[in-house]
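Engineer: Read top to bottom, the protein sequences are chains U and L.
Throughout the first sequence, residue numbering follows the numbering used here, covering 627 to 952 in sequence.
Throughout the second sequence, residue numbering follows the numbering used here, covering 102 to 441 in sequence.
Hints listed in this document are in silico derivations from the structure and should not be mistaken for laboratory results.
Please read these numbers as outputs of a predicted model, since none were measured by experiment.
Treat the hints with care, as some may be off.
[To be verified] For each label pair, taking beta carbons as the anchor points, the in silico distance ranges come out as: (1) L/D222 x U/P707: 53 to 63 Å; (2) U/N720 x L/K226: 49 to 59 Å; (3) L/T283 x U/E861: 42 to 52 Å; (4) U/E861 x L/P396: 50 to 60 Å; (5) U/M765 x L/Y393: 35 to 45 Å; (6) L/K182 x U/V878: 31 to 41 Å; (7) U/A840 x L/K182: 27 to 37 Å; (8) L/R161 x U/V739: 31 to 41 Å; (9) L/T108 x U/P860: 25 to 35 Å.
Ideal Cβ placement from N, Cα and C applies to all residues, glycine included.
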Amino acid sequence: MWAFVLFIAVTIVTYVIFYAIPANPARLACGQRATAECIKRAAHYLGTDRPLYVQYGKFFGRLMPVAGLGPNNFSPHFKTPNLGRSFTNRLTVNSVVLNAAPVTASLVFGGAVFWMLIALPVGILSALRPRSLLDRIAMVFVLVGISAHPVWIGLLLAYFLGFKAGVFPITGYCDFINPSGNCGGPVQWAYHLVLPWATFAFLFAALYVRMIRANVMEALGEDYVRTARAKGAPEWLVMRSHVLRNALLPVVTMLGMDIGIALGGAIFTESVFGLPGLGKTAIQAIENFDLPTTQGVVVFATLCIILLTLVVDLLYAWIDPRIRLT
Amino acid sequence: MALLEVTDLKTYFRTDDGVVRAVDGVSFSVDKGQTLGIVGESGSGKSVTCLTIMGLNPKRTAMSSGTAMWKGEDLLTATPKRLREIRGSEIAMIFQDPMTSLNPVHKIGAQLAEAMRLHEDVSKKTARARALELLKAVGIPRAERRLDDYPHQFSGGMRQRVMIAMSLINNPDLLIADEPTTALDVTTQAQILTLIEKLQEEFGSAVIMITHDLGVVAEIADDVVVMYAAEVAEKGGVEQIFKKPHHPYTWGLMGSLPRLDADVERLVQIQGQPPSMLRPPTGCRFHPRCPYVMPICKEVDPALAPVSDDPGHLQSCHLDEETKNREAAKLLAGMMAEAS
Ligand SMILES: Nc1ncnc2c1ncn2[C@@H]1O[C@H](COP(=O)(O)OP(=O)(O)OP(=O)(O)O)[C@@H](O)[C@H]1O
Ligand SMILES: [Mg+2]
Numbered sequence: 627m628w629a630f631v632l633f634i635a636v637t638i639v640t641y642v643i644f645y646a647i648p649a650n651p652a653r654l655a656c657g658q659r660a661t662a663e664c665i666k667r668a669a670h671y672l673g674t675d676r677p678l679y680v681q682y683g684k685f686f687g688r689l690m691p692v693a694g695l696g697p698n699n700f701s702p703h704f705k706t707p708n709l710g711r712s713f714t715n716r717l718t719v720n721s722v723v724l725n726a727a728p729v730t731a732s733l734v735f736g737g738a739v740f741w742m743l744i745a746l747p748v749g750i751l752s753a754l755r756p757r758s759l760l761d762r763i764a765m766v767f768v769l770v771g772i773s774a775h776p777v778w779i780g781l782l783l784a785y786f787l788g789f790k791a792g793v794f795p796i797t798g799y800c801d802f803i804n805p806s807g808n809c810g811g812p813v814q815w816a817y818h819l820v821l822p823w824a825t826f827a828f829l830f831a832a833l834y835v836r837m838i839r840a841n842v843m844e845a846l847g848e849d850y851v852r853t854a855r856a857k858g859a860p861e862w863l864v865m866r867s868h869v870l871r872n873a874l875l876p877v878v879t880m881l882g883m884d885i886g887i888a889l890g891g892a893i894f895t896e897s898v899f900g901l902p903g904l905g906k907t908a909i910q911a912i913e914n915f916d917l918p919t920t921q922g923v924v925v926f927a928t929l930c931i932i933l934l935t936l937v938v939d940l941l942y943a944w945i946d947p948r949i950r951l952t
Numbered sequence: 102m103a104l105l106e107v108t109d110l111k112t113y114f115r116t117d118d119g120v121v122r123a124v125d126g127v128s129f130s131v132d133k134g135q136t137l138g139i140v141g142e143s144g145s146g147k148s149v150t151c152l153t154i155m156g157l158n159p160k161r162t163a164m165s166s167g168t169a170m171w172k173g174e175d176l177l178t179a180t181p182k183r184l185r186e187i188r189g190s191e192i193a194m195i196f197q198d199p200m201t202s203l204n205p206v207h208k209i210g211a212q213l214a215e216a217m218r219l220h221e222d223v224s225k226k227t228a229r230a231r232a233l234e235l236l237k238a239v240g241i242p243r244a245e246r247r248l249d250d251y252p253h254q255f256s257g258g259m260r261q262r263v264m265i266a267m268s269l270i271n272n273p274d275l276l277i278a279d280e281p282t283t284a285l286d287v288t289t290q291a292q293i294l295t296l297i298e299k300l301q302e303e304f305g306s307a308v309i310m311i312t313h314d315l316g317v318v319a320e321i322a323d324d325v326v327v328m329y330a331a332e333v334a335e336k337g338g339v340e341q342i343f344k345k346p347h348h349p350y351t352w353g354l355m356g357s358l359p360r361l362d363a364d365v366e367r368l369v370q371i372q373g374q375p376p377s378m379l380r381p382p383t384g385c386r387f388h389p390r391c392p393y394v395m396p397i398c399k400e401v402d403p404a405l406a407p408v409s410d411d412p413g414h415l416q417s418c419h420l421d422e423e424t425k426n427r428e429a430a431k432l433l434a435g436m437m438a439e440a441s
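Start from the sequences and build out the full structure, keeping to the hints where you can.
Structural biologist: The following block contains the structure:
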């Protein structure tokens, strides 16, 4: 229910913002030498001559998976939700979003795996050996990671590893499955994404190192860990079954939320590395006052976050018996 | 030979503020099947004493010396592997706070079974059956169904019963109970104490009962160690300690035993706070709070010496024996009057 309300609120806000911007997409559509006639026709064609609430109502109607609910024509049936057509190139927004989504998904989920691969071992080890050399190095890394902007890190990585050393490609994206054009397949896919992943993961890796370290340290001091040792459990079992099991519970929730936040962060990384993902699509659409495309990305991102939250809630209830749904 | 013989045990912790002397030369012994009560105010080093015996202090900051002979083998110099074998199978321990001592993410049946399977090569099924047997023995109603419950589904008293069941699952020779009833309400306290006594008889384990409540000690202990500021103030048989207490600190503890008629003026009350173990007082550590303090108390640390007519009763106080006997008699007479 809250998800539905949130969804409505987000889409309305986008509409209102676009309405408030003093730019006319119809004029843009007519090009340099726009006649009044052309603008009027274009405005009608795009639907921007209607009042705001009609535009929103139409948008909403297209989006609903059920159609035929009108008062004088009641014949409910299912249909594919439709996001409308782009103002600028008349492509269906559905196809624009569906083309861009895998790119962003690759970036975000790959990045999440990347940062967890760094944060888990570093966080755990530095918690086990506080004030050790590793711990100190990790703390410096955390400090840099938290204070540096992803664009800066991205450019730095692109310059040194991509441009100077030439180890990794600086731009471009390759499909994971079917080769489109000159490259494709999992290896090329991963190869092209290494730098974006690293950029993207840097901040979160830093945050997670800090969080995991703190959680593990806290769990190590828990009474039930002492109980486990008092039972005669060997140290690896104490770690695995008692410390980590509890310390990583909150990390699961955080991970879900942060992947949502990371969707926003993807915008920077995508523009630095020229990845044709949702972030780049949204920026382009906003620059062209392309309301349907912007709205499409917003709708899609909101849905993703809502879905993600749901999955995390279920997952959490599954691994933490204290909040098990009965 | 005593089951456990602790001699001159010391444990110091390195902290940012300096060295904390948590245990500073403690000796006692526990015989097979006997119950030793360790009493003292908060911070007197009772828990650390027992954690040192179990080898459960944080390795990074704790330094220990002395010996703790367990069946002729020194636990302080035992290898970690040997200690793990002993922990949970020969010596088991239960803790003060049952709410936090069980792992919240594992079923209690699994936690009990783990305790058994760590020491015996038995099937999961056997361990589960044994877990059930123990849960019944500690009086958990509908035990079969509760095996698959999680700790948060139990009340505090029930969790402490689960902890007791878990500690006894391998038939230990010694059970260390660190204030097992402090976190519980009064009725549950009594039930848990009775339960420990009953099980002790059944299983034949020796028990070290840590508490700050002399009433608990009077009820279940055979021998008593009174600890003050990381040292032993007085120790002896329970009869001796209660009939002829020889240390002003023990008098204080007895004087502050909870009574129903709280209006009656206390005979002896311990004034002030326990000292910081970063910089313990010179001389007798109790002297800043002692109503009987003499000049010598500030200079010379009294040795733990036997009472003249009873070599099993040791105390560390400079007062002459005549005064002690007189004061103790006065205190006891007062308590009798108060009780009747
Ligand atoms: N890991 C540790 N690091 C530093 N100091 C410690 C540590 N554990 C205990 N201490 C200190 O050692 C002293 C004795 O603590 P201990 O827990 O043995 O007291 P206690 O007699 O069990 O008290 P309580 O009745 O409150 O349980 C205290 O001053 C405590 O602050
Ligand atoms: Mg304690």
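Engineer: Compare the structure with the hints numbered earlier in the document and write down the numbers of the violated ones, lowest to highest.
Structural biologist: 3 and 5
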